[in-house]
Amino acid sequence: MDLWLLNHVPTVPLTALVVGGFVLAALAGSVLAVRRLPRLADGGYNEMVGVLLGVFGAIYGIILAFVVVNLWTELHDAGHVVAGEASAVSQIARDAQAFPPVTRQAVETAVHDYVHAVVEDQWPLMRAGKGDSAVTTRAVDGMYRALTDYEPRTTSEQAFYTKALDSLNEVAALRRTRIADSHGSLPALLQVLVFGGAAVITMLTFLYGVRARPARLLFVGTVATLIGFSLLLVIVLDHPFSGDLSVSPQPFKDSALARFW
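FYI, the numbering for the sequence shown is 238 to 498, going by my numbering.
Fair warning: there could be bad hints in the mix.
Stated by the list, open to error - Cβ-Cβ distance ranges computed for the label pairs, FRET-style:
{"hint": "1", "residue 1": "V305", "residue 2": "L242", "range": "12 to 20 Å"}
{"hint": "2", "residue 1": "D358", "residue 2": "R273", "range": "52 to 60 Å"}
{"hint": "3", "residue 1": "L402", "residue 2": "G433", "range": "45 to 53 Å"}
{"hint": "4", "residue 1": "D378", "residue 2": "T459", "range": "20 to 28 Å"}
{"hint": "5", "residue 1": "T399", "residue 2": "I300", "range": "25 to 33 Å"}
{"hint": "6", "residue 1": "K367", "residue 2": "S485", "range": "16 to 24 Å"}
{"hint": "7", "residue 1": "Y381", "residue 2": "T462", "range": "47 to 55 Å"}
{"hint": "8", "residue 1": "T374", "residue 2": "Q487", "range": "19 to 27 Å"}
No lab work stands behind these hints: they were computed from the structure.
Keep in mind the model is a prediction, meaning the values are calculated, not measured.
Note that the Cβ used here is the ideal one computed from N, Cα and C, for glycine as well.
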C-alpha cells in the first residue's frame, strides 16, 4: 500500500493524506474519549499523563531518530551505488575508444543495451519494490561477451582492456547491490515500534484533561501533527527507489552515456 501511494500520489497530496488523516483521527479520538469519559476534562490524570508522555516521548524520540538516520543513510548510499555503477559503465564506453572499430562497436552496442535495460525495464520494477536482476542479465552478458571475444594486441590496448574488465566487474557488483537495495524495507519489529509508538503517544494525549475544548484539541492536534510528519518521513525514506524523494536513474543518461539516448 505504501509503495502504491509513493508511486501514484505526489508529495503534497501525500503529505495531506498521511499527516492530515492522522491529525483528524487523533482529534476524533480525543472528542470521543471525552464523550465516553467526561471526567477526563477535569484534569485529574494530568500529572500521571505528563510523566507517561515524558517517558514514552523520550523513548519514542530515540527510536524514531535511529530509524530516520538509518533510512536517510540507506537512501544516500543507494544514490552512491547508482552513481558508481553509471560511472563504471561510462568508463567501459570510454576505454572502448582504444579498441579496433569492430570491437569498439560491439562494446558500445552492449553498453547501449545495458543502460536502456536498466532505465526502461529494471527501474520501473525497482520502483514497485520488485527489482529483478534477470532483467539486465542478458545485457551484462553482452558486455562480457564483447570484451572476452577481443584479444588485445598492443600494450596500449592491453591497458585499456584491463581497465574495461575491472570496470565491468564493478558494474556487476554494484548492480547486485542496487537490486538488493530496491528490496530493502524497515524490519517488522521497527515498524511496530514506530507506528505502534505513534499510536500509544497519541492516545495518551486523549487523557490529558483541559476544560476548554479548543485548547484540548489544539494540544492533541499539535502532537499529532508532529508525529504525522515523522511517520510521513519514515514512509518516504523507507523505499529509496520509490516516490518523489527517490534515487533517480539520471546518472545512466549523463556524461559519456548521454550519446546512447
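Hint check:
1. For the hinted restraint 12 to 20 Å between V305 and L242, the CB-CB distance of approximately 19 Å keeps it satisfied.
2. Between D358 and R273 the beta carbon distance is about 55 Å. The supplied range of 52 to 60 Å therefore holds.
3. About 50 Å separates the C-beta atoms of L402 and G433, a value consistent with the hinted range of 45 to 53 Å.
4. Checked against the given bound of 20 to 28 Å, the beta carbons of D378 and T459, roughly 57 Å apart, lie outside it.
5. Evaluation of the 25 to 33 Å hint for T399 and I300 yields a failure: the beta carbon distance comes to about 49 Å.
6. Against the hinted window of 16 to 24 Å, the Cβ-Cβ separation of K367 and S485 comes to about 19 Å, which satisfies the hint.
7. Look at Y381 against T462: about 54 Å separates their beta carbons, and that is inside 47 to 55 Å.
8. Taking the beta carbon of each, T374 and Q487 are about 23 Å apart, inside 19 to 27 Å as hinted.
In this structure, the earlier hints numbered 4, 5 are contradicted, and the remaining ones agree with it.
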